[in-house]
Each structure stands twice: as structure tokens, then as C-alpha cells.
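*Asks:* For reference, the chains in residue letters:
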Amino acid sequence: MPDFARRIPVGRYRGLHPVTKAILAMVGAIVALGVRGWTGPAVVLAAVVLSGALAGVLRRMALFALATIPLVVSILLVNTFLYPNARDAIVTVGPLSPTWTGATAALQATMRVVAFGMSAAVFALTTPIDDLLTELERRGLGRRGAFVVGSALGAIPRMVERAREVVDAQRARGLDTEGGPWRRFKGLVPLLGPVILGALGEVEERTMALEARAFTAPGRRTLLRRLPDSRRQQLARWLLLLGSICLVVVSLSGVVKLP
Amino acid sequence: MGLLRRWVARQFTTRVIVLMPVAIAINIVLGYTVQSVLKLPIYVDSIGTILVGVLAGPLAGALTGILSNLIWQYAPIIGGSNIGPFAVTAGVIGFMAGIWGYLGVFRSRPATGLRLAVPAAIAVAVIAVLAARMYTIPQYTDPNVGGYPSWVYAAIVAIGVVAAVAVAGFIYVRRDAAGAWVAVAGALTGIVAAIVSAPIAAVVYGGVTGSGTDVIVAALRQGGADVYNSSLGQGLFSDPIDKTITCFVVFVILSGMSTRFLARFPLGERLIGRAEDGDSRPRDAV
Numbered sequence: 001m002p003d004f005a006r007r008i009p010v011g012r013y014r015g016l017h018p019v020t021k022a023i024l025a026m027v028g029a030i031v032a033l034g035v036r037g038w039t040g041p042a043v044v045l046a047a048v049v050l051s052g053a054l055a056g057v058l059r060r061m062a063l064f065a066l067a068t069i070p071l072v073v074s075i076l077l078v079n080t081f082l083y084p085n086a087r088d089a090i091v092t093v094g095p096l097s098p099t100w101t102g103a104t105a106a107l108q109a110t111m112r113v114v115a116f117g118m119s120a121a122v123f124a125l126t127t128p129i130d131d132l133l134t135e136l137e138r139r140g141l142g143r144r145g146a147f148v149v150g151s152a153l154g155a156i157p158r159m160v161e162r163a164r165e166v167v168d169a170q171r172a173r174g175l176d177t178e179g180g181p182w183r184r185f186k187g188l189v190p191l192l193g194p195v196i197l198g199a200l201g202e203v204e205e206r207t208m209a210l211e212a213r214a215f216t217a218p219g220r221r222t223l224l225r226r227l228p229d230s231r232r233q234q235l236a237r238w239l240l241l242l243g244s245i246c247l248v249v250v251s252l253s254g255v256v257k258l259p
Numbered sequence: 001m002g003l004l005r006r007w008v009a010r011q012f013t014t015r016v017i018v019l020m021p022v023a024i025a026i027n028i029v030l031g032y033t034v035q036s037v038l039k040l041p042i043y044v045d046s047i048g049t050i051l052v053g054v055l056a057g058p059l060a061g062a063l064t065g066i067l068s069n070l071i072w073q074y075a076p077i078i079g080g081s082n083i084g085p086f087a088v089t090a091g092v093i094g095f096m097a098g099i100w101g102y103l104g105v106f107r108s109r110p111a112t113g114l115r116l117a118v119p120a121a122i123a124v125a126v127i128a129v130l131a132a133r134m135y136t137i138p139q140y141t142d143p144n145v146g147g148y149p150s151w152v153y154a155a156i157v158a159i160g161v162v163a164a165v166a167v168a169g170f171i172y173v174r175r176d177a178a179g180a181w182v183a184v185a186g187a188l189t190g191i192v193a194a195i196v197s198a199p200i201a202a203v204v205y206g207g208v209t210g211s212g213t214d215v216i217v218a219a220l221r222q223g224g225a226d227v228y229n230s231s232l233g234q235g236l237f238s239d240p241i242d243k244t245i246t247c248f249v250v251f252v253i254l255s256g257m258s259t260r261f262l263a264r265f266p267l268g269e270r271l272i273g274r275a276e277d278g279d280s281r282p283r284d285a286v
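Listed in order, the protein sequences are those of chains W and G.
According to our numbering, the residues represented by the first sequence are 1 to 259, in order.
According to our numbering, the residues represented by the second sequence are 1 to 286, in order.
It is worth saying that the hints were derived from the structure and are not from the lab.
From the three backbone atoms N, C-alpha and C, an ideal C-beta is built for every residue, glycine too.
Don't take every hint at face value.
[Said to hold, decoys possible] Ranges of calculated distance between the beta carbons of each label pair, as one might list FRET restraints: (1) G:1 <-> W:238: 22 to 30 Å; (2) W:233 <-> G:4: 30 to 38 Å; (3) W:221 <-> G:264: 20 to 28 Å; (4) W:154 <-> G:264: 20 to 28 Å; (5) G:129 <-> W:165: 42 to 50 Å; (6) W:231 <-> G:258: 24 to 32 Å; (7) G:252 <-> W:8: 44 to 52 Å.
Whole structure, please, built from the sequences with the hints as guidance.
*Replies:* Here's what the structure looks like:
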């Protein structure tokens with residue numbers, strides 16, 4: 001279906017302008033990662049859960065949370081057991097000595113990671129990328145920028161499928177992808193070659209196709225799909241962005257110490 | 001100002017605009033496959049970035065790197081990831097790749113005899129110096145900064161020897177002196193990437209990234225290194241190896257592509273060289 005014929009999203013969160021949702025995700029990332037202590041990540045996490053509930057995507061967000069598990073486990077183990085200069089042991093069992101300082105730092109880092117990941121997830125799940133790119137193009141991104149991002153997103157599943165086909169084909173020829181590190185390393189070359197060269201082979205054809213369709217013609221394209229925006233949202237975007245940067249600066253400089 | 005604008009515009013031709021999304025997809029798919037499917041302790045998520053940098057220039061390379069990380073983070077089609085904050089590192093890698101492209105580092109240089117032996121010796125010497133420098137960096141030796149994880153010393157020596165043999169072997173088997181410059185470019189890119197990544201990993205993720213390299217971080221912490229120095233120590237261990245491998249992969253890819261295809265990119269002529277230099281690739285028949 002052409003993009004101008006698709007329904008405009010409705011709902012208290014989904015109905016927001018795509019650029020507003022992108023700014024919210026960016027602000028969530030800045031505050032979650034930049035503000036020291038518990039407050040920043042906790043506020044972002046609460047806001048993200050509320051947004052997810054309003055948009056009806058909480059269950060799908062849980063899958064994104066599962067994807068952060070390897071990183072969270074690593075953070076918890078390394079920091080709890082091996083935090084530098086920490087002497088306040090929780091318990092000592094042989095050579096293992098987890099500390100309260102390490103555990104606190106680990107939990108804070110975990111909260112930062114989860115809050116950041118969830119803010120990205122709620123944005124990805126509620127915002128069609130085509131809508132965002134159209135609005136950014138209207139605001140000056142240009143058709144080249146919109147093409148690069150949109151085409152990259154379309155190329156990823158095609159390349160995943162191609163990589164899967166190449167791995168299956170090479171396995172049928174005896175390639176071992178399950179053995180020790182050296183065997184898996186040897187499996188890289190028969191995988192990399194066909195995937196990369198196959199993808200690069202399309203560049204020339206696509207270039208000619210774009211040139212034939214006046215991709216480099218001067219002037220702006222006519223964009224038929226226009227999503228509703230409001231002065232309130234425009235003001236809120238600027239206030240949130242500037243406010244989050246100020247909050248990070250104030251937190252890092254120690255002027256205000258948040259819990 | 002007009003010169004700057006022309007320099008920027010030259011790096012973003014239609015061909016480069018078409019190559020960038022392909023390069024971004026290569027970064028994301030191969031990085032995910034190597035890290036999550038094959039579970040190797042290297043990243044291999046910068047092949048596309050370095051390819052665009054070498055073919056188009058520093059700005060195009062930097063933008064490819066930054067967009068790869070942001071798209072991987074905010075459009076996690078292949079599961080969630082926390083790679084977004086490392087967009088800065090990816091941008092630096094792409095920028096450096098553009099510089100290597102301007103310098104013609106990835107241009108093939110067929111050679112024999114002494115013209116082959118000298119670059120091989122230079123490459124081995126540079127690897128030995130870098131390995132010796134790593135052997136003695138404070139992250140591994142100074143008790144006030146790092147610690148003494150004893151297995152790291154043996155690993156540095158072993159990796160240095162393997163790298164020197166691999167690079168020298170590559171130069172002799174392909175009879176191409178460019179291998180030396182590619183190895184140096186990869187090692188330097190890796191060192192800079194490690195220095196840029198360390199504060200990001202330390203501040204944002206508490207020093208670990210959830211990948212196989214966290215074992216090195218844990219070992220350095222065991223030796224007494226603080227959060228920043230353990231991240232830096234791990235980066236200086238992993239990144240030069242990873243970026244050198246990536247640069248060699250890009251070199252092999254470029255040497256497998258037709259001269260006519262390469263010539264159409266902004267820095268293509270620097271990859272092909274001039275016929276009168278005597279070290280250029282054979283040109284395709286028009």
C-alpha cells in the first residue's frame with residue numbers, strides 16, 4: 001500500500017508526531033546514560049513503561065528486555081565480584097567476595113542499560129520508520145539521507161536471509177560452525193565472501209536505477225503524507241531536549257546531587 | 001567555504017549513497033553473526049565502514065559508522081543491542097579509514113625480491129614494537145593503575161608472533177607489499193578505537209559490553225585495575241587485532257573487485273594508482 005494511503009496512527013502515545021517520539025527516545029537515552037545515580041534511569045524506566053502501556057506494546061518490549069540479558073549478567077558478575085577498591089564484602093566464600101559497593105554499581109549500570117534499551121524499544125515498536133523518514137525529509141534531511149536510512153533497514157533482513165542461505169549451503173559442503181574457536185574462525189571466510197561480494201554486486205545496478213529516476217534532480221520531492229503536528233509538541237520537543245542536556249551537565253558537574 | 005562544500009559533495013555521489021546502506025547492512029549482519037552466532041571474541045562490525053571510508057572519504061566513512069550503530073540500536077531487527085553509544089567510536093574508525101583511503105594505503109603494490117622483503121620486515125618490526133608497547137603499558141604492569149594477570153603477557157607474545165607470521169606470510173603469498181601498510185593502518189585504527197571506546201564502556205556500561213571480551217576485563221580487574229583502565233586494557237588487547245583483521249578483509253575485497261567498478265568512486269583512482277608508477281593494478285579493458 002502506498003504510504004499516503006496508510007492510516008495515520010492514533011492513540012495517546014502512537015498518535016504523537018514521529019519526530020516527537022524520536023526526541024523522546026533520544027531524551028530517554030541521554031538521561032538514562034548521562035545522569036548519575038538512581039534517579040535518571042528510574043524516571044526513564046517509569047516513563048518508558050507508561051508509554052509502552054499507553055501504546056499497548058508492553059509484552060513486545062519484554063522481548064527486547066530479554067535481549068539485554070547477556071550484557072546485564074556480565075555487568076552484574078564483573079562489577080559485584082571484581083569492583084575496584086571495594087572492601088565491604090557481602091559474604092566471603094573461598095576466593096569469591098562480592099561487595100555492596102560493587103553490587104550497587106552493578107545495579108545502577110543494569111538500570112541504565114535496561115532503561116536505555118527500553119526507550120529504544122518503545123520507539124522502534126510504535127513508529128513506522130517510513131513516517132519518521134518522511135517527516136525528517138520534510139524538515140530538511142533530504143532525499144539522500146532518507147534513502148540511506150530507509151534502504152539500510154530494508155537491506156538488513158535481505159542480507160540476514162542471504163547469510164542464512166550461505167551458511168546452510170556451506171554447511172552442506174562440510175563447513176563446521178559449531179566446533180572450537182579455530183574451526184569457527186575458519187568458518188568466517190566461506191561466509192563473508194559470498195555475502196559481501198553478493199551485496200556489493202548490486203551497487204552498480206542500483207546506482208543506474210536511481211540516476212534513471214532523477215534521484216539527483218534539484219529541488220524537493222512532493223511528499224503526499226503529512227502527519228499532524230502541533231505547536232505544543234514542537235515546544236515540548238525543544239524543552240525536553242535542552243532540559244535533558246542541562247540535567248546531564250548539572251549531574252556530571254556535581255552542582256546537583258540526585259539520589 | 002566553496003572548497004569545503006565541494007570536498008563534502010565529492011564524497012557523497014549517488015554511487016556512494018547507494019553503497020552506504022549496503023555497507024551499513026554488512027556491518028550489522030556480519031557483526032551480529034560473528035558475535036552472536038559464531039560467538040567469536042572479535043567484533044568484525046566495521047567492514048562496511050572501512051570500505052566506504054577507503055572508497056569515498058573520511059566524512060562518508062564516519063557517517064556510515066555512526067548510522068550503523070544508531071540503526072542497529074534503534075531499529076533492532078536482529079534482537080536488541082546496546083551498541084548505540086559506540087557510534088562515536090564507529091565514526092572515528094570511518095574517519096580514519098577515509099584518511100587511509102586518501103593516502104592510498106589499500107592500493108595494491110605488487111613486488112618481488114627486496115621490494116617485498118623490506119615491507120615485510122617493516123610490518124614485522126611495527127607489530128613487534130606495538131606488542132612490546134602493550135607488554136609494558138601501565139594497564140598491565142603498573143600496580144597503581146593495573147595489575148599482573150600473568151597469562152596476559154604470554155597471550156601478547158603469542159598473538160604478536162602469530163600476527164607477524166600472518167602478515168609476513170600474506171605479503172609473500174600474494175607478492176603484495178601493501179600488506180604491510182594495511183597491517184599498520186589496522187593496528188593504529190584499533191588503538192585509537194580502544195582509546196575512544198574505553199570511557200564509553202566505563203561510564204555507560206560499567207566497563208563490560210556483554211561480549212566475549214569481558215573475560216579480559218574481569219582478568220584485569222582481578223589484577224587490581226580500576227573500571228576505566230580495565231576497559232582500556234581490554235580495548236588495547238582486542239581492538240588492534242579486530243581492526244587489523246577487518247582491514248585485511250577489506251583489502252582482499254577491494255583487490256577482488258574490478259578496476260572499472262573501483263574507479264567510479266571518489267577515491268577510486270587512489271586505489272588503482274597510475275600506470276606510470278609501475279605498481280598499479282592492470283586496468284580493465286574498456
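*Asks:* Does the Cβ pair residue 221 of chain W, residue 264 of chain G satisfy 20 to 28 Å?
*Replies:* 25 Å Cβ-Cβ, so the 20 to 28 Å window holds.
*Asks:* At the C-beta level, are residue 252 of chain G and residue 8 of chain W separated by a distance inside 44 to 52 Å?
*Replies:* holds, 49 Å
*Asks:* Mind checking the hinted window 42 to 50 Å against the Cβ distance between residue 129 of chain G and residue 165 of chain W?
*Replies:* Given range 42 to 50 Å: holds, Cβ gap about 44 Å.
*Asks:* Given the range 20 to 28 Å, decide if the beta-carbon distance of residue 154 of chain W to residue 264 of chain G lies inside it.
*Replies:* holds, 23 Å
*Asks:* Can you let me know if the beta-carbon spacing of residue 231 of chain W and residue 258 of chain G is within 24 to 32 Å?
*Replies:* This hint is violated: roughly 55 Å between Cβ atoms.
*Asks:* Within 22 to 30 Å: is that where the Cβ-Cβ distance between residue 1 of chain G and residue 238 of chain W falls?
*Replies:* holds, 29 Å
*Asks:* Mind checking the hinted window 30 to 38 Å against the Cβ distance between residue 233 of chain W and residue 4 of chain G?
*Replies:* Holds: the Cβ-Cβ distance is about 35 Å, inside 30 to 38 Å.
Violated hint: 6 only; the structure is consistent with all others.
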